[in-house]
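K.L.:
Single-letter residue listing:
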Amino acid sequence: MRNVSFSVVRGKTHALVGESGCGKSLTALAIMNLLPQSAIRCCERLSFDGQDLASTNERHMADIRGNKIAMIFQEPMTSLNPCYTIGNQMQEALLRHRRVTRKEALDRAVFLLEKVGITAAESRLKQYPHQLSGGLRQRVMIAMGLMCGPPLIIADEPTTALDVTIQAQILSLLKGLQQEFDMGMILITHDLGIVARVADRVSVMYCGQVVETGDVTQIFENPLHPYTQGLMDCIPIPGKTQRGEHLGSIPGIVPTPIGDMTGCTFRNRCPFVSKACAESDVALQEISAGRAYQCLLSPEVCAQNLRGGVAV
Amino acid sequence: MSDAVLQISDLNKTYMVSAGLFKGKRSLKAVNGVNLVLEKGSVLGLVGESGCGKSTVAKLILRLEGLTSGRISFDGQEMSSIPRKEVARRIQPVFQDPYASLNPRKPISSIISLPLRVHRVGDPKSWPHKVEEIMDIVGLPPRFRHSYPNQLSGGQRQRVAVARALIMRPEIVICDEPTSALDVSVQSQILNLLMDLRKDLGLTYIVISHDLAVVEHLASRVAVMYLGRIVEEAATEDLFKRPRHPYTQALLTSVLTPEPRLGLPDTHLGTTYPNPIDPPQGCTFHPRCPKATELCQATAPDPIVEAGRLVECHHPETLAD
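So the sequences go chain by chain: B and G. Numbering (numbering that gives the first Met the number 0) for the first sequence: 0 to 311. Numbering (numbering that gives the first Met the number 0) for the second sequence: 0 to 320.
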């Protein structure tokens, strides 16, 4: 992961989107300082609510984790502890971070379970994770993340394991709660449909780098980077793509980020590759406030490529 | 219909599940009276939420499970009268997760040629040639012959799974969530491959998926399943243009297309998918249905067949003129 920068405002959603292995989840872990031992974090600035997270010690970080920044993980079955009841796990964060009694923590848990649309909340608290369905578990995860009322929530593929009907419900639930509690949200996903419907701002990641960033309408209506354009072509849309016709595709596979990485990382899959792409690193160029992309081609040429269709 | 290659009528599968330590067993109707016709060269999409029985239907067709009652006839012959081995030769599956469905300890050539060895097709000396031929068809470079699955990417593994399914030149290929474990850019490669193969080899597909966009793209007919029953079945175009069953409508609205201005849809579906061990009385969909009436609670609707499409609802959307 290299040179990733973005910012999240309260009440807004910033989406990180990209294929598996592009560094979306590592970005989230880096913010939380939960990286595996073999990874080294170095950054110019990582500030949260005015505090510098890059230089805080582990103890202070533990105070922030779960308290100020909460995380919702992808697999509710593996991230909930099967040996403890839902209630026990929900109270844990609040008891750790706040001076509250068990009774108060319990009340807060019931309140939040009802907020996320779980009926008979009190009896649910005594149940174990395996007794709940996938959708319910994910709701419990969300409620658990909200226990301390965090200003920032990181949702790592919150609906990937769920059915489409439940996915829509969970997403509108998250969005509603975000408005209600005025939280910032970092949404990590590979599903462009979710990004389009939920996010305010988008960063497209490829091979550990942000290749394009902008407002959600800009990214979807006028994608500039060849990779973003390619991704948009890949998705079948009912009513828009011709049935049975070939979908656009990006040839090749994501390169491994091991070894020398000079030049544009997308060059061996890019239809507009030129000699210059391999020679030097490509900088993220900003074309207007909050809109940037990483390609040697000028924005005009990129926009033209889009209209001409991507030649494969 | 004369060119029906597979005909399923009133298919039932009941599992006996334990209801608790001392409570004995209860029956679970995974598939409950399913009728389907698969025409030669067509693509049938099977959609529904998890637990609705779509994979069970696939297993019954593959004869990986025995059916409780009903009939499956394959090419005019009763399925149960066809030897198990012959069924395996003529109907092949491609499974969801190419990380789990390939033996990690066998090289690619051995994985792909396994069906040839099992069925003792032709001269063993011709096998390597056949493997190379099929690898070329699915777009795998010959140098992968001696690689192991862990050296391949997800898309390449799924190509291996497709090659293994096709080496016996089956008549029907059942794709159970063929792309849901893959990235979008790889998904489109595999979808393109599946469509090319159908054209070139004249295959018939059954595509099982919860991704309606994928089904819309591949299938010529779509069947929507809910709690073991087919609640709506129609040609893809008709179904997507004018869904008649409220459940199909809800499914279609919950597809998130990449259109940023639309916002999130409201499906009006309650939260809970009912427990299939005790399904609701009457129409099984009524607790989640916005149109439910007393009639729906009391009696289950009969299938209505109109204009080449089937719907099972008391209050279906009217057909356009």
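Fair warning: there could be bad hints in the mix.
As the list claims (entries may be wrong) - Incomplete in silico selection of chain B near chain G, CB under 8 Å:
(1) A61
(2) R64
(3) K114
(4) M231
To be verified - Output of the computed footprint for chain G on chain B, the stretches with three or more beta carbons under 8 Å from beta carbons of chain G:
(5) 168-177
(6) 234-240
Said to hold, decoys possible - Lysine to aspartate or glutamate pairs mimicking DMTMM-like chemistry, simulated, CA-CA at most 20 Å apart:
(7) B:K114 - G:D265
(8) B:K239 - G:D199
(9) B:K11 - G:E236
(10) B:K174 - G:D237
(11) G:K240 - B:E156
(12) B:K239 - G:E258
(13) B:K239 - G:D2
(14) B:K239 - G:D237
(15) G:K129 - G:D237
Worth flagging that the hints you see were computed from the coordinates, not collected in a lab. On a predicted model such as this, the values are computed, not experimentally measured, just so you know. A virtual CB, placed ideally from N, CA and C, is assigned to each residue, including glycine.
K.L.:
Taking the hints in turn, state whether each one holds.
P.N.:
We went through each hint and held it up to the structure:
1. A61: At about 34 Å, which exceeds the 8 Å cut-off, the nearest Cβ of chain G leaves the hint on B:A61 violated.
2. R64: It is violated, given that the least Cβ distance between B:R64 and chain G is near 29 Å, above 8 Å.
3. K114: It is violated, given that the least Cβ distance between B:K114 and chain G is near 13 Å, above 8 Å.
4. M231: holds (7 Å)
5. 168-177: holds (count 4)
6. 234-240: holds (count 7)
7. B:K114 - G:D265: With a Cα-Cα distance of about 17 Å, the restraint between B:K114 and G:D265 holds, given a limit of 20 Å.
8. B:K239 - G:D199: Violated, at about 25 Å.
9. B:K11 - G:E236: violated (38 Å)
10. B:K174 - G:D237: Status violated; Cα separation ~33 Å.
11. G:K240 - B:E156: This hinted pair is violated, its Cα atoms lying about 31 Å apart.
12. B:K239 - G:E258: Judged against 20 Å, a Cα distance of about 11 Å means the pair holds.
13. B:K239 - G:D2: Distance ~31 Å between B:K239 and G:D2 Cα, so the pair is violated.
14. B:K239 - G:D237: Roughly 15 Å between the alpha carbons, so the hint for B:K239 and G:D237 holds.
15. G:K129 - G:D237: Distance ~41 Å between G:K129 and G:D237 Cα, so the pair is violated.
The structure shown violates the earlier hints numbered 1, 2, 3, 8, 9, 10, 11, 13, 15.
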